[in-house]
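Asks: Listed here are the chains, written in short residue letters.
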Amino acid sequence: MSVQDTADGNPSTQAPALDLHELQATVLRQRPAPYFGTHVLLTVGERRAGRALLRRLTPYVDSAAGWRIAANAWLAVGISYTGLEALGVPKESLQSFPEAFCAGMAARARQLRDEGLNDPKNWDPPFGKGQVHIGLSAFSDSEDKRRRVLEMARQQVVGFSGVNVSHMQDFGAQPGDLNPLGYKDGIDQPAIEGSGSEPLPGQGRPIKAGEFILGYPGESGVPLAMPEPEILGKNGTYVGLRKYQTRVGAFNRFLRAHGRTQEEREMLAAKLVGRWRSGAPLTLAPDADDPALGKDPQRNNLFEYSNDPRGRQAPLGCHIRRMNPRDSALSRLTDVNIHRLIRRGTTYGPPYDENAISKEDDEVPRGAYFLFISAKAMTTIEFLQQEWINDGNFIGIGDERDPIIGLQEEGATFTIPAEPVRHRVHGIETFNVLRGGEYFFMPSLSALQWLGELGDER
Amino acid sequence: MATTQVAPSQNAKVEEKIQKVMELYADAPELGKVALKNGLEGLKQELAAAGGAQSAGRVGARQGKVSELTGVVPFAKGGAKRLRGLLQLMEGNFQGADLVGSVHDMRFVFLDNDTKLLFCTAYDGEWDAYIDDFATKIPNAMDILLCNCEGYPGIHSPLVKDWIAKNQISAEAWYVSSPNLTVPETRRLERVGKAVEEFLDKLE
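Top line first, the protein sequences correspond to chains A and B. In terms of this note's numbering, the first sequence is numbered consecutively and its last residue is 458. In terms of this note's numbering, the second sequence is numbered consecutively and its last residue is 204.
Simulated from the structure, these hints should not be mistaken for lab results. Think of the CB as a built atom: it goes at the ideal place given N, C-alpha and C, for glycine as much as any other residue. Certain hints may be false.
Unchecked claim - Here are the simulated distance ranges between beta carbons:
1) G411/A <-> L36/B: 40 to 46 angstroms
2) T115/B <-> G411/A: 50 to 56 angstroms
3) R187/B <-> D353/A: 40 to 46 angstroms
4) E46/A <-> Q19/B: 52 to 58 angstroms
5) G427/A <-> Q10/B: 28 to 34 angstroms
6) E304/A <-> A195/B: 26 to 32 angstroms
7) G116/A <-> S55/B: 16 to 22 angstroms
8) K202/B <-> A292/A: 42 to 48 angstroms
Use the sequences and the hints to build the structure in full.
Replies: Laid out in structure tokens, this is it:
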């Protein structure tokens with residue numbers, strides 16, 4: 001499959017309102033299928049070296065203007081608050097960034113409900129210590145291209161005494177493009193107004209660009225507050241990174257404990273997510289998997305919950321219904337369109353193995369670097385963690401949490417609505433444990449240039 | 001719970017607290033001192049059971065899932081008259097708040113000769129989680145109420161959260177009888193209770 005085939009939308013004749021030449025391609029460009037890439041986290045020891053590195057890298061950062069076509073691998077560049085400090089960004093400018101961004105993800109653990117297993121004190125180095133200054137991600141549709149872009153990046157970094165690589169992580173497609181729990185994912189993405197593509201069926205109406213890119217009106221009709229000066233803020237956005245360790249053993253043990261046959265286990269697996277492993281949604285395929293449906297981007301997201309208000313097909317608390325409740329009745333006044341994220345999940349480690357059931361399997365390094373993009377990424381992820389992931393009140397199911405990415409407490413349950421009575425599964429565990437996280441500002445191409453050319457006079 | 005194991009250190013802690021209360025009450029009126037002496041056993045039990053105060057976020061206290069928001073805000077010019085008139089016409093009917101789904105109660109008290117508003121509410125979770133939803137879903141209701149307060153920047157303003165936080169005063173103490181009962185959970189239990197009674201009626 002080529003990259004063009006997997007772009008998330010159909011070409012449109014409508015003139016885009018966004019300044020696509022300024023946006024980093026990754027904001028709009030889907031990860032290809034299959035995908036290969038590397039995340040590189042850098043620490044800037046010397047501001048001049050950091051700026052020089054940015055100047056060298058900027059030419060390799062694609063703009064979103066050619067976002068459907070990726071001839072080569074492309075780079076995404078993000079800079080953390082401590083990174084902006086390390087680059088010597090002026091104080092007035094630093095102060096114009098949002099509080100949660102400045103504090104960093106680890107410092108916001110209370111707001112993010114990152115406690116217990118997910119507490120930043122349990123994170124892997126170098127996360128959460130203010131040492132991650134620049135995040136580089138190389139995406140490509142082949143291993144060969146990934147290696148070439150990485151080699152290019154390496155050449156740019158080599159010889160920079162003032163910039164150190166603090167962490168590198170390859171990521172890549174698993175057979176069938178599945179995530180570490182064996183599901184096809186990343187299907188449902190928000191449609192963005194002015195991005196130049198028609199929404200895919202079921203994507204919903206395009207959401208105002210200002211929700212995802214700084215400098216444009218958001219859903220409330222006004223632009224969000226933007227970092228200063230304008231050259232730095234406009235056309236930029238924020239990226240959050242959350243590194244998850246997937247406990248495949250715990251997941252498989254859970255399925256085996258509650259499903260006697262392969263069919264029962266797969267049904268339970270589908271109920272947890274709201275989709276079968278193929279990607280086919282339970283709302284359209286309630287009784288059995290339909291791989292052809294799962295594969296078809298024109299159909300696999302084309303549904304609402306109006307015929308399933310009580311969750312007898314897709315449980316109210318299943319993962320995809322939480323992450324995008326669509327037209328579900330919610331107990332709290334909520335505008336579903338303002339809590340969406342552009343998601344770029346990147347999987348690492350060995351592929352899903354249904355026979356991995358031991359505790360040792362839980363610690364085999366595998367999982368996802370979950371990247372999410374939004375003009376208010378910090379606010380949105382805090383909202384999601386508090387309301388939609390680690391609580392059930394918004395959808396009237398009490399304390400239950402997201403079965404896939406929630407942090408489960410002792411004795412947690414997952415309720416599967418059914419006729420005549422609901423089935424409650426006991427003893428659900430945390431299947432994805434947080435092992436790191438950072439916030440980055442993802443500057444426009446002009447802003448990258450501005451940062452690279454910063455002087456020392458203040 | 002293994003109470004026997006933790007007892008010694010806990011006892012010491014309670015004794016320490018009692019000592020502090022005694023010091024605080026050294027200059028209390030006589031009736032206060034007598035009451036303290038007579039009520040010492042009960043107070044000891046309360047102090048021993050203290051579970052640590054929780055925060056609702058930027059400002060405010062929380063107990064379990066229920067938080068408090070207390071604000072004292074100067075009225076804008078003519079604001080007191082407008083708000084009183086509006087509240088009287090509404091006759092205690094706050095359908096907007098029903099819709100919000102996280103508000104347990106609200107209290108509007110006019111202070112100091114109608115120069116300030118005391119606003120108190122009990123709500124679920126963290127107050128700023130849904131501010132953005134208010135801005136897109138019920139912007140007019142918010143602005144109609146709050147335009148009567150001095151310095152209110154408007155629900156669409158990026159400064160609105162700061163404005164609220166600035167006018168908020170954290171409660172020194174906050175008690176909730178059912179700290180785990182959120183508004184949706186209360187409504188659900190009401191429904192369940194009713195359904196159970198109906199079911200039992202049919203069994204009769």
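Asks: Determine for every hint whether it applies to the structure shown.
Replies: Hint by hint, here is what the structure shows:
1. G411/A <-> L36/B: 40 to 46 angstroms: Holds: the Cβ-Cβ distance is about 42 angstroms, inside 40 to 46 angstroms.
2. T115/B <-> G411/A: 50 to 56 angstroms: Between T115/B and G411/A, where Cβ atoms are some 52 angstroms apart, the hint holds.
3. R187/B <-> D353/A: 40 to 46 angstroms: 44 angstroms Cβ-Cβ, so the 40 to 46 angstroms window holds.
4. E46/A <-> Q19/B: 52 to 58 angstroms: holds, 56 angstroms
5. G427/A <-> Q10/B: 28 to 34 angstroms: holds, 33 angstroms
6. E304/A <-> A195/B: 26 to 32 angstroms: holds, 27 angstroms
7. G116/A <-> S55/B: 16 to 22 angstroms: Check passed, 18 angstroms falls within 16 to 22 angstroms.
8. K202/B <-> A292/A: 42 to 48 angstroms: holds, 46 angstroms
In this structure, none of the earlier numbered hints is contradicted; all agree with it.
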